[in-house]
Amino acid sequence: MVENKAAAPIPSPREITTEPRFSDKLFRGVVTAGGLSSLIILGLIAIFLSYQGFEILIKEGFSFITSSEWAVEVDSVGEITNTSFGLAAMLVGTILCALIAVVIALPISVAAAIFLSFYAPESVKRVLVSIIDLMAAFPSILFGFWGLFVLMPSAEYWAKLINKYLGFIPIFEVEPRIFTRSPFITGVVLAIMIIPIVTSISREVFSQTPLDRIQAAYALGATRWNVIRTVAIPYSRGGIVGGSMLGLGRAMGETVAVYTVLNIVYQINWQVLFGAGGNVASLILLKFGEAQPYEVKALMAAGLILFLLTLLVNFIADQIVARTGSKGR
Amino acid sequence: MTADSSKKEEKEMTTPASLASIAAQTKQPGTKSLGIGLEARGVHAWFGKHHALSNVSLDFAAGTVTALIGPSGCGKSTFIRTLNRMHEFIPSAAMAGEVLLDGKDIYEPGTDVTKIRLKIGMVFQKPNPFPSMTIGENVLSGLKLAELKNSKTDELMEECLVRAGLWNEVKDRLNAHGGSLSGGQQQRLCIARALAVNPQVLLMDEPCSALDPGSTLRIEETIKELSRTMTIIIVTHNMQQAARVSDFTAFFLSDGGPGEMIETAPTSQIFSQPRDKRTENYVTGRFG
Amino acid sequence: MTQSIAIPKPSRPWRPSPRERVINISLVLGSFLASYLIVLSTEMKGKLAYFFVFFAALAILNFALGLITKDWMSGKDQFFSVLMLLGMTLVILPTANILYTVFDRGRAGLHSGLLTNDMALSTPSDPITNGGLTHAIVGTFLLVLVALIASVPIGILTALYLTEIKGRFTRPIRFLVQAMSGVPSIVAGLFILSAVVYTVTQSYSGLVGSLSLTILMIPTIARTAEEVLNLIPNDLREAGVALGATQWRTVAMVVIPAARSGLITALILGVARIVGETAPILLLTGGGDKINLNPTQGAMGSLPFYIWKSFLLGTEESITRGWAGLFVLLVLVLFLFMLARFLGSRRAK
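Chains as they are written, first to last, in my numbering: chain A, 7 to 335; chain B, 13 to 300; chain C, 19 to 367.
Please note that the accuracy of each hint is not assured.
As the list claims (entries may be wrong) - EDC-like cross-link-like pairs, simulated, lysine to aspartate or glutamate; straight-line CA separation at most 16 Å:
1. C/88 to B/51
2. C/184 to A/30
3. C/65 to A/181
4. C/94 to B/51
5. B/138 to A/301
6. C/88 to B/124
7. A/65 to A/218
8. A/293 to A/79
9. A/31 to C/182
10. C/88 to C/38
11. B/131 to B/218
12. B/161 to C/89
13. B/127 to C/89
14. B/138 to B/110
15. C/88 to B/159
16. C/94 to B/267
17. A/65 to A/81
18. B/164 to B/149
19. C/27 to B/110
20. A/170 to A/181
21. A/65 to A/75
Derived by calculation from the structure, the hints in this document are not laboratory data.
Just so we're clear, the structure is a prediction, and the values are computed from it rather than from any experiment.
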C-alpha cells in the first residue's frame, strides 16, 4: 500500500474560546476588585501621608533625614514661630535597635530551627512548635511592659558585664553610666519578639532540604552535625537570610514595645549600652498627644518615611526568599 | 561481553535456561573464598505495626556479587537498608535480628554507626550527586563528610573515577558541576563517590532502573570489576541483569504478609533448577 | 512449607541503650554540679552565671564523651548538639517567663467586679476593687467585630483571586499582601487619621479605630485563607464544573463550604493579630472609661488602651490594674489560639 506521506500538512491548532456567562464575569470582577484592594490601600496610605507631610518635607528638605533636632517654638500667643524637624536620630535609632535585634535573634532562631528539624523527637517537636506559634501571637504591649518591669534589671546587668569586658570597643562605652532603657535592652526585647518569625521560616526551609541529598550524606558515613553543616545549611541559607530580613522589617516598625522600653533622646547615640536612643514610630506616638496641627504634619511625614523604609526592607526580603528559598543550589 | 552480543541475547531471553546459561558464561559461581563479608541472621523489619520483612538470613561471601530479586513490595529495599543502618531513619522503624560485619553485630549498642556506613557503602536508585559541588568535589565528598585525612586526593579521585568507568569522560572537566552530567554518568559519579571511602561492602538499590540500557551495561561491567575486591549486594527487578552480574541470587516474596526470602543459590542454579515452586514461577515469568 | 517461626519482638537497637541513657543523665547532673561549684568559687553571680556555666559544662562534657568513646568527629557532633539545645532553650525561656509573670502579677488585680464594672466612677489609682474593665472588654469586642466586617470580605476575596482566578495580577497582589503585613501599626493609624478623621469625621470613635485594625488584619486573613483554599483538591472544582456549574457557583457552593473550618481558622488568626494592637488605638479611639455600645460615636475603650493608661499612671494600684488587664488579654489570646488549633486539627481529619 503506497501512501503519499509527504502531502498531508500538519494543521495548526484551533483556537478555543470561552465566553463566560455574565454571572461569572461579575464574579471575576468582584474578586479582582477585592484582590486589588491591597494595592489600593497601600497606594492610599502613600498618597495621604505624602499629602499631609508634603509641606514639611518641602520646607525641611533633605535635612528632614539628616538633622536630629525636633523642635517647635511657640510665642506668647501660642502661634508657631519657628520649627525644625529632623529625623536623623530617630532613623539611626530605629535601624540600630532593629539590627541589634536581628544579631541576637538570628543565631538563636537558627539553632532552635536546627534542633526542631533534626534533633527533636516528633512528639516534643509538636509541643515546641505550638509554643513558638503562641509566642508569635503575643501582643506587643505585653512584650513592652514585660521588658520594662521584668527584663530590665537582668538586661541592665548583662549590659554592665559587656561594658566591663568589652568596654574598650567604642560602641560599648557608657558615659555617663546609665544602663537602663538603652538600645541594647530594646534590641533584646525586639529580638524576643522576632524570634518566632525567624525560627518558623528557618524551620520551613530546613524541612524542604531534599531528602535524597541528606540520605546520600548519611550513607557516606557522616555524623548528624556534618550532614547539617554540609547539606542542610548551604541549601537553606537564602531562606534564612530572607526570614531574618522579615524579622528586621518587623523590628523596625514596632511601636509600643519600643516606646515603653527605650528612652527617646533627640541625639544620635551609637553607644548601644547607654540609656538613650531613637525610634521613628515611638517619636510619632510620643509627640502625637500634644502636637498642634502643624507638627502633626511633620509626624505624618515621619510616618511616610517609616512606611517607605519598611516597604523597602520587606521587598528585599521577598526577593531573597523568592530567589533562593525553595530552589536551593 | 560486549554491548551488542548482550542485546542480541536479550531478545531470546525469556526462558530460565537461557538466563542460566548466561550466568554460567559470565560468572564463576562459588570460586571465591576470601571469607565471609557480611551476614544477616534472622532479620525482621517493621514500620510501626506493619511487619514488612520476616526472618531473612543470608550470608554474603567476600568478593562476590549477590542479587536480590523478587516482585515489587516484597521487602528487598527494606532489607538492604537494614544492612547499612539506613532503615532506622524512618520514624516508625523497628527491627530484630543481627547483621554481622567481620563477625560483629552492627546493631550492637555502642557501635559507631558512622564508621559502619564507611565500611558498608550505598548507591541509590535515583542518582544523587551533590549539585553544589563540582565533579571532583563530589568524588571526594565522602572524605570531607567523614573528615578523613588523605594527602593524595588527586590520585584517589582519579582511581575512583577509573574504577567507576567515568574517568575518560570527565577527566577534562573535573571542575564542572555535578549536575551537568547525564543520568548514567551521574550514577557512575555516585559509585565513584562511594568508592572513595574504601568500603568493604557496596549496597546497590536498583542502581540502573532509572538509566538507559547503554549506561546500564557500563555499570554492570563496573560491578564485575569491583567485585574482585569487595562484596556487592544489588537489588534488581531485572532478571537478565541478575543473571549477568551476580554470583549468587536470593529470591524474595511476600504473599500479602511480611516479605520473606524464599530461596538463595548460585545464580545459574536458581534459574535452571530452582528448588521452590514459587521461585520457578517467578523466574519463568508466570508472575511478577 | 514454611514452619511457623516465633516472631521476635520489634526492637530499636539504634535508640540509646540503658547504659547510654545513664551516661547522658549523669552528664547533665554533672553539669549542674559543675555550675554550682564554679559559680560559688568564682566571682560570677546571678542566674546568667549558672545558666552559662551549666551549658558550657554540658557541651564540654559531651565533647569529651564523644572524643573518648569514639573519635574527634563524634565529639564535635555531640558538642554541637548541645549548642542547638541551648538555642532551643533560649527560645522557650522568655515565653515561659512572660506567661508566669503575667499570671503571677495579674492575679493580684483580679476581683469579682472586674468583669462587671467599668471605670466611669473610678480612676486607676483607686483601690483595686473599685471599677473594672467591662468597658475595655466590650470595646475590644466591638472594635474586633467592626474590623471583621470590613476585613473578612476583602481578605477572602483576595485569597479567592489568588487561588481561583489566578489572573495576571497574581504576583503583584501576592507581593502587596506581603508588603501590607509589614506596615507598621502606627502608620496604619496615621493613615486613617489623615484619610478619615481629618477629612470626614473630625472626631475619635471606635469605627476609625476598627478601620486601622482592618488594614492590619487583611494580610493575615488573606494569607491563611489562601493556604487553606489551595489545600482543597482540584478534583472538587472539576467535579462542579463538569456538572455544568458556573465558576462562581462552584466556588460558592463547593469550594468555600469545603474550606469552611479553615476559613474560620483564618478569621480567628486575624482576630488574634489585632486584639492586642495598641498604637492605632491610642491615636484613634480616644479610650473611654464607660461602656460605649456605639462604635460610630464617642470614645471607645479597649483592653490595650486600659492597660496603657493604667501603667502610665504609675501608682501601685494602677500598675496592678495594668497587669490584670494584661492577664485578661493574655487569656483571650490563649483562648483564640487554642480555638484555632482545635479547628485546625478537626479539619485535618
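Against the structure, the hints come out as follows:
| no. | hint | in the structure |
| --- | --- | --- |
| 1 | C/88 to B/51 | violated (24 Å) |
| 2 | C/184 to A/30 | holds (14 Å) |
| 3 | C/65 to A/181 | violated (27 Å) |
| 4 | C/94 to B/51 | violated (32 Å) |
| 5 | B/138 to A/301 | violated (67 Å) |
| 6 | C/88 to B/124 | holds (7 Å) |
| 7 | A/65 to A/218 | violated (62 Å) |
| 8 | A/293 to A/79 | holds (14 Å) |
| 9 | A/31 to C/182 | holds (13 Å) |
| 10 | C/88 to C/38 | holds (13 Å) |
| 11 | B/131 to B/218 | violated (20 Å) |
| 12 | B/161 to C/89 | holds (14 Å) |
| 13 | B/127 to C/89 | holds (10 Å) |
| 14 | B/138 to B/110 | violated (28 Å) |
| 15 | C/88 to B/159 | holds (14 Å) |
| 16 | C/94 to B/267 | violated (47 Å) |
| 17 | A/65 to A/81 | violated (20 Å) |
| 18 | B/164 to B/149 | holds (14 Å) |
| 19 | C/27 to B/110 | holds (13 Å) |
| 20 | A/170 to A/181 | holds (13 Å) |
| 21 | A/65 to A/75 | holds (14 Å) |
Consistency with the previously given hints fails for numbers 1, 3, 4, 5, 7, 11, 14, 16, 17, ordered from lowest to highest.
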